[in-house]
Amino acid sequence: MVQMASMRFTLGLMYTPELPLRTNLTEAHEASWQAIGEPGAFWTGPERVQMVAHARAATNCKLCEQRKAALSPFAVPGEHDEISRESELPPALIDAIHRIRSDPGRLTRSVFAQVIAAGVSEAAYVEMVSVINSSVIIDTLHRSLGLSLPELPEAREGEVSGDYNTEAVDRGAWVPVLDADQDLFEPGMPRVPNILRSMGLVPSAVQLFFQTFRPHYALANIPLSISQAQAEFVAARVSALNECFY
Amino acid sequence: MRLRGSGEQEGRDYDLSVITADTGDGGVEAGDVLRGLTEAAIRSEWDLLDGLRADAFVSMGVQETVDALTVAAAFNGITRVADSTGIPLDDAMAEATTSIRAASGIDQFSYAEKSARYDL
Numbered sequence: 009m010v011q012m013a014s015m016r017f018t019l020g021l022m023y024t025p026e027l028p029l030r031t032n033l034t035e036a037h038e039a040s041w042q043a044i045g046e047p048g049a050f051w052t053g054p055e056r057v058q059m060v061a062h063a064r065a066a067t068n069c070k071l072c073e074q075r076k077a078a079l080s081p082f083a084v085p086g087e088h089d090e091i092s093r094e095s096e097l098p099p100a101l102i103d104a105i106h107r108i109r110s111d112p113g114r115l116t117r118s119v120f121a122q123v124i125a126a127g128v129s130e131a132a133y134v135e136m137v138s139v140i141n142s143s144v145i146i147d148t149l150h151r152s153l154g155l156s157l158p159e160l161p162e163a164r165e166g167e168v169s170g171d172y173n174t175e176a177v178d179r180g181a182w183v184p185v186l187d188a189d190q191d192l193f194e195p196g197m198p199r200v201p202n203i204l205r206s207m208g209l210v211p212s213a214v215q216l217f218f219q220t221f222r223p224h225y226a227l228a229n230i231p232l233s234i235s236q237a238q239a240e241f242v243a244a245r246v247s248a249l250n251e252c253f254y
Numbered sequence: 209m210r211l212r213g214s215g216e217q218e219g220r221d222y223d224l225s226v227i228t229a230d231t232g233d234g235g236v237e238a239g240d241v242l243r244g245l246t247e248a249a250i251r252s253e254w255d256l257l258d259g260l261r262a263d264a265f266v267s268m269g270v271q272e273t274v275d276a277l278t279v280a281a282a283f284n285g286i287t288r289v290a291d292s293t294g295i296p297l298d299d300a301m302a303e304a305t306t307s308i309r310a311a312s313g314i315d316q317f318s319y320a321e322k323s324a325r326y327d328l
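Residue numbers (my numbering), protein chains in the order written: chain A, 9 to 254; chain B, 209 to 328.
Take the hints with a grain of salt, since some may be wrong.
Claimed, not checked - Taking lysine to aspartate or glutamate pairs in the EDC-like style, the calculated list, with each CA pair at most 20 Å apart, reads:
| # | chain 1 | residue 1 | chain 2 | residue 2 |
| --- | --- | --- | --- | --- |
| 1 | A | 76 | B | 247 |
| 2 | A | 76 | A | 90 |
| 3 | A | 70 | A | 89 |
| 4 | A | 70 | A | 90 |
| 5 | A | 70 | B | 253 |
| 6 | A | 70 | A | 87 |
| 7 | A | 76 | A | 87 |
| 8 | A | 76 | B | 263 |
To be verified - If the Cβ cut is set under 8 Å, some of the chain B residues that face chain A in the computed set are:
| # | residue |
| --- | --- |
| 9 | 225 |
| 10 | 246 |
| 11 | 249 |
| 12 | 250 |
| 13 | 272 |
| 14 | 284 |
| 15 | 286 |
| 16 | 287 |
| 17 | 291 |
| 18 | 326 |
Since the hints were derived computationally from the structure, they do not count as laboratory data. Think of the CB as a built atom: it goes at the ideal place given N, C-alpha and C, for glycine as much as any other residue.
Only chain B is shown next, with the shape it has when bound in the complex (with noise of 0.2 Å):
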C-alpha cells in the first residue's frame, strides 16, 4: 500500500479507507476521474470506459489519461499473480503495514483467509 507512503513523502495524509470503498477520491487530486477509469477498466465496462476517457482526455489531458490506464494495466496483472501464487506478507512487511492494512481494509483478502472462505 504505497499511498501512505507517497503521502508522507508530499507532506499529505490520504484517506486509505476509499481503497476499499464504493466512492471517494481519498484526498487524491482527480481522484474521482481516476477511480472512474480505473474501475470500468477493470470491471471491462468498455463502453462505460470509452465515454470516461473521453471526458478524462478533456478534464485530465491524453498523457495522464493514457498513464493512468497503464499502471492500471499493470497492477491488473500483477495482482493476479499474487493471487495466483499465494504468497503471503513477510514477516517485517507484515508488521511495517499493520496499521494501513487495517486503515484499508485489505486484510480480508489474506490467501489463507480466502481459502478458509471459499474452499467448500
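Just chain A, with the same shape it has in the complex (with noise of 0.2 Å):
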C-alpha cells in the first residue's frame, strides 16, 4: 500500500480523500462547477446545466459509438439517446455537443454551421464551447482517479448577460476571436494563446475554461512532479488521440 498520509494537500466537496490532489486545482474545479450552474452570458444555469448532461450522455449515446465507428461521422443519421431527446435546448446544439465529447477529432465547419442555422449566436456557441469541455476536464480527472463522477451541478435561476467582447475580429477561425498580439516570446509559443483567442468573443467564457484548466498545467517550469518533458508527451499524445491541431 503506498503512503499518501505526509503529502500535504487539501480535498474539496468534490474529491474524496483517496487520492493527493493539490488544493488550487479541488477549488478551481468547485469554482468551475459552481460557476457553470449560474447563468451565464447567453445561456441560463438550467441550459448550462443541460449542457453538460447531454455531453455525459454522449459518452454511452449509441448514434455517437455508430457515427464514431463509420468513415464519416456524416454518414450515420438518427436520434442520441432518450436525455437528449427530452431537452429543451436546440436540436443541433445538442448534437454538437454530443460530437465534440465523443468525436472531436472529426468535427469540421459544417458541425458549427448546423448551430449557426438554428439561430444560436456565435458568441452562444463559444460559450457552449467552453461550459462543455470544462465539464469534459473535471469529468475526466474523476474517471481516471477511479472516482464516480460528481452530481450535476445545482442550476441558479437569473437573467443572462449578454456580455460578449464587440471588438473579436476574424482570423480564420469558424468565430471571430481575441484581437491580440501575435508574436512569439521565449518558450516558441504566442504571448496570448490561440486556444484563449477563441473563445475571445465571451470573455466570462475564457475565465471559467482556463480557471478549471489551469491548475493542470504550465507552459514552463510545471509546479507538478513530473518533468516539463513527460507533461508535454502526456499532452501532445492526448492531442494526437483527439487529432488536435496544436
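Hints given; two lone chains; assemble the complex.
This is how it looks when you write it as C-alpha cells:
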C-alpha cells in the first residue's frame, strides 16, 4: 500500500481523500462547477447544466458510437439517446455537444454551421464550448482517478448577461476571436495562447475554461511532480488522440 | 508541440514521431507508462486504466501518476476547444513550427483539411 499521509493537500467537496490532489486544483474545480450552474452570457443556469448532462450522455450514446465507427461522422443519421431528445436546447446544439464529447477529432465547420443555422449566435456557441469542455476536464479527471462523477451542478435561476467582446476579429477560425498580439515569446509560443483567443468572443467563457484548466498545466516550470517533458509527452499524445492541430 | 521545447531546455533530443505513432516513449522518462495511462484515459478504457494506475503508483509514484492524469484530463478539454472553434495557427506560429509539425505528423489534423475530408 502506498503511503500518502505525509503529503500536504486538502480536499474539496468534489473529491474524496483517497488521492493527492492539490488545493488550487480542487478549489478551482469547485468554483467552475458552481459557475456552470449559474446564468452565463447567453445561456441560463438550467441550460448550462443541461449541456453537461448531454455531454455525459454522449459517452454512452448508441448513435455517437455508430458515428465514431463510421468512415464519415456524417454518414449515420438518427437520434441521440433519451436524455437528449427530452432537452429544451436546440437539436443542432445537442448534436454538436454529442460530437464534441464523443468524436472531437472529426468536428468540421459544418457542425458549427448547423448550430448557427438553428439560430444560435456565434457567442452562444462559444459559451457552450467553454461549458462543455470545462466539464470534460473535471469528468475526465474523476474517471481517470477511479472516482465517481460529481453530481450535476446546481442550476441557479437568473438573467443572462448578454456580455460579449464587440472587438473580436475574424482570423480564419469558425468564430470571431480575441484580437491580440501574435508575436512569439521565449518558449516559442504566442504571448496570448490561441486557445484563449479562440473563446475571446465571450470573456466569461475564457474565464470559466481557464479557471478549470490552469491548475493542471504550465508552459514552463510546471508545478507538478512530473517533468516538463513528461507533461508535454502526455499533452501531445492527447492532442494526437483527439486529432488536435495544437 | 512543447515537447521539442522541453528537449531543447534539457539538452535532449526527443523523438517527436512517436506522438502520432501507436508505440514508443520518444526518449521521455517513463514514457511507456505515461502513454498507457494517457491512452486509457482518453479512450475511456476505465477498467484497463484501473490496473495501469495501480501499476504506475508502484513504478512511478502516486503523486506522479495523479499528476500525469491531471495533465491528460486538462488536454482532453483544451483540445476540444481547438477542435470546436477551428482556430488556425497564426502566421508566426505556423512558420516557427513547420519542422515540428512535419516531424510529428500533426499537419493531417488541420481544421481545413479535416473539413475537406469529412464533410459530405
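Hint by hint, which ones does the structure fall short of? Going through the list in order, the structure violates hints 8, 9 and respects the others.
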